[in-house]
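Turn these sequences into a full structure, and let the hints guide you.
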Amino acid sequence: MPYTAPISRANPTALVFLLDQSSSMLEPFAGLPDKSKADGVFDALNRLLQNLVLKSSRAEGVRDFFHVALIGYGGRVASAFCGPLAGKDLVPISQVANNPLRVEVRTRKVSDGAGGLIDDECKFPVWFEARPTGRTPMCAALRKAKECVQGFLAAHPKCYPPIVMNITDGEPTDGDPREAADELRGLASSDGNVLLFNAHLSDKEAQPVRFPAEESGLPDRHARMLFGMSSELPPKLLEAAKAAGMPVTPHSRGFVFNADLVAVIRFLDIGTRVAQSVR
Amino acid sequence: MHRADPPLRWCALHLPKSDHTAEEYEDAWAADPAAGRFAVADGASESAFAGLWARLLAEGFVAARRPRDLAGWLDGPRRRWSAEVSGPELPWYGEIKRAQGAFATLLGVRVRAPTPRRPGRWRAAAVGDTCLVRVRGDRHIQAFPVETSSAFGNGPELIGSRGGPVPPPEYASGPLRAGDRLFLMTDALAEWFLHAHESGRRPWEAVDPLLSLGRPEEAFATWVKQLRDGDGLRDDDATLLVIEPGCVPEE
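Heads up: the sequence lines are chains A and B, in that order. At position 4 of the first sequence the residue is numbered 4 (this note's numbering), and the sequence of numbers has no breaks. Every number in this note's numbering is 279 more than the matching position in the second sequence, counting from 1.
Quick caveat, the hints were computed from the structure, so don't treat them as lab data. All C-beta atoms, glycine included, are put in the ideal place defined by N, C-alpha and C. You may find that some hints are simply not true.
With a straight-line cut-off of 20 Å between C-alpha atoms, the simulated SDA-like cross-links for lysine to any residue are [unchecked claim]:
id	chain 1	residue 1	chain 2	residue 2
1	B	504	A	11
2	A	236	A	190
3	A	123	A	59
4	A	158	B	298
5	A	158	B	299
6	A	109	B	379
7	A	158	A	1
8	A	123	B	368
9	A	242	B	429
10	A	123	A	47
11	B	296	B	510
12	A	158	A	3
13	A	236	A	269
14	A	55	B	296
15	A	158	B	508
16	A	123	B	371
17	A	55	B	375
18	A	55	B	371
19	A	55	B	435
20	B	296	A	60
Heads up, incomplete: computed chain B residues facing chain A, CB under 7 Å, no partners named [as the list claims (entries may be wrong)]:
id	residue
21	298
22	327
23	328
24	371
25	372
26	376
Put into structure tokens, the structure is as follows:
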């Protein structure tokens, strides 16, 4: 049965995040006039990396259950890691853990146990900074993802299939991305084909479309194209989406359209839920 | 480790997940056969220093003055855990995990052996999905707190090392007759055991020969690996503690 390979140090999987860094990402999220899409995704992805590190860390250190790539596409298509990992594509999670750009100290309100709130300081590591510029070369980004994943599959042919998560707010400016997406999803380990999930961010107050199973009902041609590029959620992720209250059905795809910040965070969380079953 | 502490015979066996070292084993067990107390705990791998916490919990149950009153004796193990993990400076992720604390299940059992005139008794307290299965004769089994293989999930109740509320334990008890056996197991093995029984098999019959061998640890390791490879046993830390209460001669 596909999509059941255990994820372990001996048999890690790859997570590739494609991040639209075009200049339109500087515009605010729907409903959040003070937060640009780029800043929202910056926080969400840094937090996701932090969670992946925490899931992989044990008393003796960080176990390499995952190899992670963060590819930005805008003015250029390149690794979005900053600091010690700058320029690197797929990196083992232990290297991610030990090489943040910086560790910020953030303050959050927590209960004081007596009905009030107090400030609590927490560490917030940061691996990249949002630097939106230029257009939306999505085709090139998908080809870059293919390159990363191909090398990984050659080294780990029995792995849980790599997951590529593409976060974008606009239409590609370098052609029709469907062919590149097909080629990416055409790669496979012995446990199944590479998974490609897409999230489209919205700056309009529109109802997000979450994990649809059918094309009908999608608002426009662009949405239908991204839907067509997205993989169906394998059973475990489908379960995770269901448990998170998403309106999923058996053929739901890893795709959200007109996503607000909450929907993007959910999308990233569900898409990486395989992290729950590492051992 | 097969021990005869009359009137109890008992044996504890364990194996870490495949590709893991003995140091990476995060279940724990403890026994005080003279007091008829046994405990098995399962540290949640995702939390830091979970193996240590599981061991402190199991030992805490066995040594507690009133083991049933979990909230009453938990402070001691929590303090010991804090003392053992504090000190070295850790990278940012280690600090976060240490601050979050470790988590573990706990199954504690007290056993009174039967006499020729009256049955003995077992009493168990459980938080989470570490299980006790009592086997009588060839077919009658009683499982606690998880009763069927399909009831195992990914989110068992856990006890935290950093304070906070303790999930209320579940309690069960029952008579114990000569010839009964108690199998205490962490979740993967318990799930396999119950599933095998539900499929009409007698999984305890596979365990018996392991216990009678000169080196039960090696036999257990071979057996567990076979089950992982071909009989659907989930690849997780596996711990088995078997108790066979003999009969106490009456004065």
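Hints, verified against the model:
1. 504(B) to 11(A): holds (18 Å)
2. 236(A) to 190(A): OK: residue 236(A) and residue 190(A) at ~18 Å, within 20 Å.
3. 123(A) to 59(A): holds (19 Å)
4. 158(A) to 298(B): holds (16 Å)
5. 158(A) to 299(B): Holds, at roughly 19 Å.
6. 109(A) to 379(B): holds (17 Å)
7. 158(A) to 1(A): holds (13 Å)
8. 123(A) to 368(B): It holds: about 15 Å lies between the C-alpha atoms, which stays within 20 Å.
9. 242(A) to 429(B): holds (19 Å)
10. 123(A) to 47(A): Holds. Residue 123(A) to residue 47(A) sits at ~11 Å (cutoff 20 Å).
11. 296(B) to 510(B): With Cα atoms ~16 Å apart, residue 296(B) and residue 510(B) stay inside 20 Å; holds.
12. 158(A) to 3(A): This hinted pair holds, its Cα atoms lying about 11 Å apart.
13. 236(A) to 269(A): holds (13 Å)
14. 55(A) to 296(B): Judged against 20 Å, a Cα distance of about 17 Å means the pair holds.
15. 158(A) to 508(B): Measuring from Cα to Cα gives roughly 16 Å; hence the hint holds.
16. 123(A) to 371(B): The given pair, whose Cα atoms are some 7 Å apart, holds under the 20 Å limit.
17. 55(A) to 375(B): holds (11 Å)
18. 55(A) to 371(B): holds (13 Å)
19. 55(A) to 435(B): holds (17 Å)
20. 296(B) to 60(A): holds (16 Å)
21. 298: holds (5 Å)
22. 327: holds (5 Å)
23. 328: holds (5 Å)
24. 371: holds (5 Å)
25. 372: holds (5 Å)
26. 376: Nearest chain A Cβ about 6 Å off; hint holds.
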